[in-house]
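Residue numbers (our numbering), protein chains in the order written: chain A, 1 to 287; chain B, 1001 to 1309.
Since the hints were made in silico from the structure, they are not lab data.
Ideal placement from N, C-alpha and C gives every residue a C-beta, glycine not left out.
Please note: incorrect hints may appear among the correct ones.
Which bits of chain A does chain B cover? Going by a derived footprint, with three or more residues having C-beta under 8 angstroms, they are [stated by the list, open to error]:
no.	stretch
1	4 to 17
2	45 to 53
3	74 to 81
4	112 to 123
5	230 to 242
Derived BS3-like pairs: lysine-lysine, alpha-carbon spacing no greater than 27 angstroms straight-line [as the list claims (entries may be wrong)]:
no.	chain 1	residue 1	chain 2	residue 2
6	A	K124	A	K166
7	A	K23	B	K1257
8	A	K53	A	K91
9	A	K53	B	K1106
10	A	K53	A	K64
11	A	K124	A	K160
12	A	K163	A	K53
13	A	K225	A	K166
14	B	K1114	A	K64
15	A	K64	B	K1106
16	A	K124	B	K1231
17	A	K91	A	K23
18	A	K91	A	K166
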Amino acid sequence: MLDGGIGTEILRRGYTWASHQLKTEPELNLEIHQDYINAGADVITTNTFQLSKRSFRNHFANDKHLAAMGASGLLDRAGELIHESVALADKARSSLGRSNTPIAASITTLEWCFRPDRNPDVEKIYDEYLEELTDYADAGADIFLFETFNSTPEAEVAIKAAKELKMPAWVAFVPYQDGRLLGGQTMAEVVDAMARNEPDVLFLNCAPPEHITAGLEQLAPLWDKPLGVYAHVGKFNPPEWQFTDDYNAEKYLQECKHWHDLGATVIGGCCGTTPEYIKKLTEFFSQ
Amino acid sequence: MNYNAIREKLSAGRAVLLDGGIGTEVTRRGIRWRQHGIEDAPDTIRDIHRDYLNAGVDILTTHTFNLTKRNFINFFRDGEHMELIGATGLPSKAVELCSSAVTLAKEALTETGKAETVPLAGSISPVMHVFRPDLSPPGNDCLAHHRECAEILSSCGVDLIFFEGMNNTREAEAALEAASGFDLPVWMSFVPGTDGNLLNGESLHSAADLARSKGAEAVLVSAGSMPMITKSLPNIINGSPSGAKAVIGRYSPPSWKPDFYPRFENIEEVSPENYAREAQGWLDQGVQIIGGSSGTTPEHIRAVREIIT
Chain A
1 MLDGGIGTEI LRRGYTWASH QLKTEPELNL EIHQDYINAG ADVITTNTFQ LSKRSFRNHF
61 ANDKHLAAMG ASGLLDRAGE LIHESVALAD KARSSLGRSN TPIAASITTL EWCFRPDRNP
121 DVEKIYDEYL EELTDYADAG ADIFLFETFN STPEAEVAIK AAKELKMPAW VAFVPYQDGR
181 LLGGQTMAEV VDAMARNEPD VLFLNCAPPE HITAGLEQLA PLWDKPLGVY AHVGKFNPPE
241 WQFTDDYNAE KYLQECKHWH DLGATVIGGC CGTTPEYIKK LTEFFSQ
Chain B
1001 MNYNAIREKL SAGRAVLLDG GIGTEVTRRG IRWRQHGIED APDTIRDIHR DYLNAGVDIL
1061 TTHTFNLTKR NFINFFRDGE HMELIGATGL PSKAVELCSS AVTLAKEALT ETGKAETVPL
1121 AGSISPVMHV FRPDLSPPGN DCLAHHRECA EILSSCGVDL IFFEGMNNTR EAEAALEAAS
1181 GFDLPVWMSF VPGTDGNLLN GESLHSAADL ARSKGAEAVL VSAGSMPMIT KSLPNIINGS
1241 PSGAKAVIGR YSPPSWKPDF YPRFENIEEV SPENYAREAQ GWLDQGVQII GGSSGTTPEH
1301 IRAVREIIT
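Same shape as in the complex, but just chain A (with noise of 0.2 angstroms):
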């Protein structure tokens, strides 16, 4: 059992999420993650879903204008904050005895996860996977999880820079209604590329429950390793999240359970989901 929503559970609680509250609200993030805990979670997840230098240096032309014009130490920012996000994980953990529950840092594509046209050229990727991965290793985590990943090149390149570091690669992907990666790939290309790269765990994820669906449904009968889903609930109101009651959490466990039965053993929440849903799926799933 995963966690589920962290960003918009910061927005739930009150608070906006553009600099993810990890410096300025630590214990609304540190209560979040015991509330994931004690909700039954097995694994964490750091709360730094887009966070990298790269969506720093992305607000300028150039480093000499950034230098010019940027607030000191930007560059520095990314890492300091990952830093941070897997101490307040470490501590909630620790402050429920529970310090063997794994923390999976978040990590997501380098450019905007719903903009598969602006990916960037996997060629020249690899160092800055490797440093951004670097920072989680040297700061505690024990998986990373690449996710809302939109095609397979990029995973790819992150995949190989967690096996460098040797530690698990868990890896998400986007599905979308048509049972295509939000990319456009098909799930037997998903398989293919991953195959070669293997991948601890295989997810979808950060789509409604439809896509989900749509999209397991191709890649279920293909893979048969480990595999993962954690869907999102309600409707993305850039730059927040509108909550919904198209899926309460007796629904969610309604749809995870077909999931399961699809061949999911991974299972979580993605944006929108509450402890409340991951204590609902807790109860049924540990039956």
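Fit chain B to the given chain A structure using the hints.
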């Protein structure tokens, strides 16, 4: 309707005062940056406009920088993806917010008794991030985008179209063509890079010439630090109306938010008096239009008011 007074001022060689940062004032006043603060805190937006009017601006600017349909759709793969996973009402959200933004500016003009004397400039930003000329789409795409923005602001009743922060000549040219059908005066500001040219490295001098030849009544530089603005000014001054708006403080984008986010740190390092002193230097160089970009506050604009008559 009242833009003629501005035109006369400029022809007479007198200075014209614009407002300062609006987005950065919204965040500085503690408002959460979503939907530009327009839905959560309309009173604060109106207060900011009123503070600039009371500081003595000659033209008021709408709070519409970076407020376009594109800013919403950019978070999704495409329109269909937005329909499927986006919040209800997103496709029409930008138009509604722009309309509200113009209304708030007009209310401030009425409340201060300046509706007849201070024209309202409709601010239109680049299609993509103001500091990312590399993301600017092809000319036809820019043309359609800017035409739609000009259409919205024009139908809401602004008195002039102000393209702010253009960062490449192709988009600038498309924007001016897009605005040509609305029978409104058009101004354009360019973003300089550290070398005093356009942010994408093109000649600012050529860009300014092009803008004037395509109908821009005034050409400004904006969204650069004070040294960058000062360095770039000689490239736009040629006897026609030109202007300057500098940022103060350092741009501090958050760790999550892919588009421009109006947060600047250390703005206290440039006092209103220091900003006015810098502005005096720009006026001495021959600039006639002075305002402030991100980070500047009504106090900075008030200080500039005191040095120009």
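Structure-based check of all given hints:
Counting residues of the stretch 4 to 17 of chain A whose C-beta sits closer than 8 angstroms to any C-beta of chain B gives 3, which meets the bar of three, so the coverage hint holds. Counting residues of the stretch 45 to 53 of chain A whose beta carbon lies closer than 8 angstroms to any beta carbon of chain B gives 3, which meets the minimum of three for the stated coverage. Note: the stretch 74 to 81 of chain A has 4 residues with beta-carbon separation from chain B under 8 angstroms; the three-residue rule is met and the coverage holds. Chain B is given as covering the stretch 112 to 123 of chain A, and this holds because 5 residues of the stretch bring a CB closer than 8 angstroms to a CB of that chain, at least three being needed.
Counting residues of the stretch 230 to 242 of chain A whose C-beta sits closer than 8 angstroms to any C-beta of chain B gives 8, which meets the bar of three, so the coverage hint holds. Between K124/A and K166/A the CA atoms are separated by roughly 21 angstroms; this keeps the pair inside 27 angstroms, and the hint holds. As the CA atoms of K23/A and K1257/B are separated by approximately 17 angstroms, the hinted pair is consistent with the 27 angstroms bound. A distance of roughly 24 angstroms separates the Cα atoms of K53/A and K91/A; the hinted pair therefore holds under the 27 angstroms criterion.
Between K53/A and K1106/B the CA atoms are separated by roughly 41 angstroms; this puts the pair beyond 27 angstroms, and the hint is violated. A threshold of 27 angstroms between alpha carbons decides the hint, and for K53/A with K64/A the separation of about 15 angstroms falls inside it, so the pair holds. The hinted pair formed by K124/A and K160/A meets the criterion: a straight-line CA distance of about 13 angstroms does not exceed 27 angstroms. A C-alpha spacing of about 21 angstroms is found between K163/A and K53/A, which places the hinted pair at or below 27 angstroms, so the restraint holds.
Simply put, K225/A and K166/A have alpha-carbon atoms about 19 angstroms apart, close enough for the 27 angstroms limit, and the pair holds. Between K1114/B and K64/A, the direct Cα distance comes to roughly 42 angstroms. Violation of the 27 angstroms bound is thereby established for this hinted pair. Restraint check for K64/A and K1106/B: not satisfied, since their Cα atoms lie roughly 40 angstroms apart, outside the 27 angstroms limit. Restraint check for K124/A and K1231/B: the C-alpha separation of about 35 angstroms exceeds 27 angstroms, so the hint is violated.
For the suggested pair K91/A and K23/A, the alpha carbons sit about 14 angstroms apart, so the restraint of at most 27 angstroms is met. Distance hint between K91/A and K166/A is fulfilled; the C-alpha atoms sit about 24 angstroms from each other, no more than 27 angstroms.
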